[in-house]
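Those protein sequences? They're chains A and B, same order as listed. Quick note on numbering: the first sequence equals residues 1 to 89 in my numbering. Quick note on numbering: the second sequence equals residues 1 to 452 in my numbering.
Some hints here could point you the wrong way.
[To be verified] Here are the simulated DSBU-like pairs of lysine-lysine, each with C-alpha atoms no more than 35 Å apart in a straight line:
(1) A:K52 to B:K58
(2) A:K52 to A:K10
(3) B:K65 to A:K10
[Unchecked claim] What the simulated footprint calls covered on chain A by chain B, stretch by stretch (three residues with Cβ under 8 Å from a Cβ of chain B suffice, anywhere in the stretch; the number is not a length):
(4) 3-11
(5) 57-66
(6) 75-81
Since the hints were derived computationally from the structure, they do not count as laboratory data. Backbone N, C-alpha and C define an ideal beta-carbon position, used for all residues, glycine too.
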Amino acid sequence: MRAVITVLGKDMVGILAGVSNICAETNVNIIEVTQSILQDMFAMIMLADISKSTTDFTVLSDRLSEFGNSNGLSVHTMHEDIFNSMHRI
Amino acid sequence: MLNTNDILETISMIQEEDLDIRTITMGISLLDCVDSDADKACGKVYDKICRYAQDLVKTGEDIEKEYGIPIINKRISVTPIALLAGACPTESPVKFAAALDSAAHCVGVNFIGGYSALVQKGFAPGDHALIDSIPEALSTTARVCSSVNVGSTKAGINMDAVAKMGRIIKECALLTANNSSFGAAKLVVFCNAPEDNPFMAGAFHGTGEGDCVINVGVSGPGVVRAALTKATTCNITEIADIVKRTAFKITRVGQLVAKEASRRLNVPFGIVDLSLAPTPAVGDSVAYILEEMGLEKCGAHGTTACLALLNDAVKKGGVMASSHIGGLSGAFIPVSEDAGMIEAARCGALSINKLEAMTAVCSVGLDMIVVPGDTSEEILAAIIADEAAIGMINSKTTAVRLIPAIGKKTGDELEFGGLFGSGPVMEVNPYSPAKFISRGGRIPAPIQSLKN
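So here's chain B without its partners, still in its complex pose (with noise of 0.2 Å):
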């Protein structure tokens, strides 16, 4: 028989520490739904999501309930719709977004992500009409997640794409400034984005996956930092070592739910985001993590070799637990949606400067801050060109998800509900690159070689 200690401890991990399943994730290819004529597109894109996504969220529900174990999200990633848009020049993209919108309705989704252009290199017509109506289609549909591949390590980064966002993102908060500028949320702007990433608002289905197929994310900041709350004289050897541990364990609970959600939908298997995730609960934070190891507050001196061991131990665990390990996979540092960034950013002990340093060591990067909602486009742009610098020349997935906070300045707060938190608007540096902004053109592919 099972063990009465691991099962005591599976169980504690599920009720006391927030473990969960964070999002089951069905990619769905559009590819074949491409037409000439935007309503038909339209049509058959509903239809497709509708069809093969129909069973997805009772077989959540399903696997939830069997093995006890909860699965927050059930979602949708579809191909980067600027594909299609492309094929119906004189239509506008919204059609397609409100499409999205009404088959996520339609199969009880709560995000969809997809409406989604790749510009690391240039644009093709599609991409310029799908990235300008981004702020139309965030504002007038709730649940399309939207997200632009802006630079590569393989590409370079898209100069032209970089101020474009600089102004999409302040036209989203603009639109949806009466919903706490929550338009601005729905958006990321990546570079070196994941094909295969489960999680939103960054999820895209990539041209290389297959027709249909079945993503996974974990979570589990509470149990890495239970863990370590036990640990008060253990150096960092060990305290590598209890991630490491712990990163399994969660890893495995997602490779179960992934393979059983596959089995029961007949959609293979992609892979599992072994991500931490945290959200507004309070344990169930990263940044309660690094203070465990033993920072004063989120943010401090030392923030970043705690998250860089942290972001790699969790790597080292999950990839032994899972057959197949991708997406963003490491550690998120959301600030809104994480209740120790947040105590962290009230009191100042955390500033944008030195999230910009924890994203070259964290999974992501720049990820729900709130900025002051009269940061002109030209500072955003600068932001998202610093943030894609680092993605591109350290080769991993680097994102911007800013929100200016329409009306407000720093020091106020900006509230959202539910697992997008709420958070103090944070300073940024008012000097501006706006000449920088306005060259445009592409700053070149890093040379690979030559590593200082």
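Just chain A, with the same shape it has in the complex (with noise of 0.2 Å):
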């Protein structure tokens, strides 16, 4: 299974390294990073799968944001298939 993490926000030092470090802690791969400036705003995607996950989705989920409200951006962890089936036909 893989999940979209998205982290919107201000850019600042070690925000990648913040998420990066979460996802280790939980045996969470990073497949793929892309980061961007969109609309003055920092825009981070990532997809990881979590298939060997040592924690479930949502302790993962809450972890993620958690990080993101000390640090004043917003992080969303997202099941793949949400984006694939809204944007696929």
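Assembling the complex is the task here: the two chains are given apart, and the hints tell you how they should meet.
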């Protein structure tokens, strides 16, 4: 199962490191990362393989949102299928 | 990899434009719970609902978390209770309402629909008993919703039932007068009621349905409105295309959630209801979509045309996005649940007359409209008759959910709170239809050709 982790907010030092750290701790493998500035907004999108994750999806999602909240970022962790079904026929 | 813009679009739909799944509704057949002993039947009803729906709420919450899409309500619809009440003629059907209420409480759903009777052509003994008990049932339970089908294109309109429902709506409001007349908000009077509708208060599990089924209702007026906001210079053809494309995306999420819920609960997937269901949240409004198309206020001349376009484009976009579409599917126009409608009603742009015209082209009917508390039961019945006639002739579902605000008059406000919102008391035509209503009988089924 793959998840899309989206980080939105103001650019700062350590965003990638922070998110990757949590992924590493929970044995989540990051497959791809893209990063861009869109409408004055920093946007990082990660595709991660969570099939070997050591925690529940909800715990991972909560941990990442917590990291976001304490750094003024909004972090969403969502199953990739929601994007696939919405944007691909 | 997925396109960055697509991902950001989805996230902004959910975070800023109130995209959500409005409800996962589990339909449960209670036909095998029939018993001539009402207590035994209620026991079976309670046990079956608790057994089938025990994981419904948790599954909904898990999907919500995993896919990052809010799922606002988890609900249950059951076989029309009149069918069960008919087997125990000496007992009050309110017992069944109590059983439904405690089962809903036990599994953690906020509403359970199906305290219903289908009387489009006539009454069976269970129907009479059930309809008479609706005011007591809705005022003594918190979660039970009721609906009565009084007409259909195939059967015509049962005017005895129409007259009766005028009285029942009034009684529901009177018995819950100290609670914003909320009883009446849990009661829907239908013409051409769908058997697989997941939306409350009109949901019930039809007799043609399987033992258990998962139906999903989507939402998303905010998303459609946001898409139209960007389309300032588009002509109407382009507007229709934008609505279609947006409805497609919204419905795809509904299909995904429905499939996933069905798999996890091991219950067959029924339908996705691709309705635009507004909430009182600013922005999540069908009226604002109509205003975005170019009306100064919802209710202005042109509103019916805009709504017809919207309703049709939503269906066209949604149909391809799901394997099975059903329920009410279209644009809802509940007044008290829609910030734009409330505003339009307050400033006088929107009247009941205009709303009635709009119901000829929207998905349902006169919904969540607050009327003066002293509106007579004959006038309420006549409003139902008008609405049922529109549904009957146009082969569509229409419904009436009116709330007579006891102790209030035109221009006052009634506050429900939560998703039910608040509404200004709207003016009704005071001239009496009493003689027409007192005649009783049936309006014959309409001819299906010579369509002028």
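Q.
So is the region 57-66 of chain A in contact with chain B by the C-beta rule, three or more residues under 8 Å, or is the coverage claim wrong?
A. Per the Cβ count (3), the hint holds.
Q) For the region 3-11 of chain A, do three or more residues have a beta carbon lying closer than 8 Å to a beta carbon of chain B? A) holds (count 3)
Q. Given the proposed pairing of K52 (chain A) with K58 (chain B), does the C-alpha separation stay at or below 35 Å?
A. Roughly 23 Å separates the two Cα atoms, so the pair holds.
**Q.** Outcome, coverage of the region 75-81 of chain A by chain B - at least 3 residues whose beta-carbon is closer than 8 Å to one in that chain
**A.** Satisfied; 6 residues make the cut.
**Q.** Agreement of K52 (chain A) and K10 (chain A) with the hint, judged by alpha carbon distance not exceeding 35 Å
**A.** 31 Å, holds
Q. Regarding the pair K65 (chain B) and K10 (chain A), is the alpha-carbon distance no greater than 35 Å?
A. 25 Å, holds
Violated hints: none; the structure is consistent with every hint.
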